[in-house]
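The listed protein sequences correspond, in order, to chains Y and P. Residue 132 in my numbering sits at position 132 of the first sequence, and the numbers go up by one each step. Residue 1143 in my numbering sits at position 143 of the second sequence, and the numbers go up by one each step.
Just so you know, not all the hints are guaranteed correct.
Straight-line alpha carbon distances no greater than 30 Å define the calculated DSS-like cross-link-like pairs of lysine-lysine that follow [as the list claims (entries may be wrong)]: (1) K118(Y) - K1118(P); (2) K64(Y) - K79(Y); (3) K144(Y) - K1079(P); (4) K144(Y) - K118(Y).
Just so you know, the hints here were simulated from the structure itself, not pulled from any lab data.
Protein chains: 2
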Amino acid sequence: MRTKSKPSKPRKLPIAHRDGIAPVSQSAEYALRVMTCLARGDQIARTATDLAIEATVPVHYLSKVLRRLVAAGLLSSQKGHGGGFVLARAPSQIRFADVLGAMGEAPVGGRCAFGWGKCDAKAPCPLHPAWTVLSEALQAWAGKTTLADVAAAAPQKRRKRRG
Amino acid sequence: MRTKSKPSKPRKLPIAHRDGIAPVSQSAEYALRVMTCLARGDQIARTATDLAIEATVPVHYLSKVLRRLVAAGLLSSQKGHGGGFVLARAPSQIRFADVLGAMGEAPVGGRCAFGWGKCDAKAPCPLHPAWTVLSEALQAWAGKTTLADVAAAAPQKRRKRRG
DNA sequence: CGGTTTATGGACATCGTGGTCTATTGATGG
DNA sequence: CCATCAATAGACCACGATGTCCATAAACCG
């Protein structure tokens, strides 16, 4: 075993690391955050600034995300005084998959994880079975979870009902 | 110098899209590819160039990935004529989680998807339950799948299996 | 021993994502 | 009508992940 390879100089390699196995991009995560915020409130218009604060997202960047969600038909927007963003459908009718899809995060599956151009059940790459398991788990999650689920969960603040 | 004005490029929205819900980084995928290649062959040393061709990975970039895998103790390396890389353990003893961990892809969970600093079962963010489901699915997948699984699956060449 | 083969280590160059900023358009209210 | 608010649009920049290249070290072969 000649792999002594003494690590006397523990220089870090340029291969960075993300915050773990990031299932979605940062933009997509922002989208889910803001959609969650909207689902948890009343159906009144919320401004981008307002949402950015609550969702802890850079304001100007969020506007781009919101634009995408509007273009995808998940949000309605209203300009001018009193305007803002509202969910286009009921929270129970908006799946995570819809939000991710609006952000360009297609539900996996299109690309061969092994680098092969074509990869299907007939001519599977070595990683195909394992990747299929992962892909199906992700799709099941994104397809089943809706905004209604996250709206119901974990109230952010104690909203005391007056009277 | 990036002051080369690159006009005429119809940059839609700056929110790019990856090849779907990419569960791992490109580097981590490369690592899984090359580890799969090694698991599928005999335990003879394979050169980086050889592996790069089979795994369809840029040669020089792969060398960095291989370095990481060696540093993590998943691979053994041998310099000089006849040298190359070999799995440090049996394929059944190398989980995907090990490979991902070597590439810096920690098994999720550390960061709050909603942007909160702290986020646990006691004070969960709205996304916490949904994210927990996702996180556990990913961890289960990465923890259960081993190189032996992908080595057995989908023989690239016809090879008689014993037993 | 020198020469070849291989891994090792790092210096760049490049590109996409994330993030900031400014201008414009549209709606509302006085 | 004008002032103001807020969405829309896109230019622009920073930075990290990706990818290329080259020098060096180590192991083997003659």
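Cross-check of the supplied hints:
no.: 1; hint: K118(Y) - K1118(P); in the structure: violated (43 Å)
no.: 2; hint: K64(Y) - K79(Y); in the structure: holds (15 Å)
no.: 3; hint: K144(Y) - K1079(P); in the structure: violated (51 Å)
no.: 4; hint: K144(Y) - K118(Y); in the structure: holds (29 Å)
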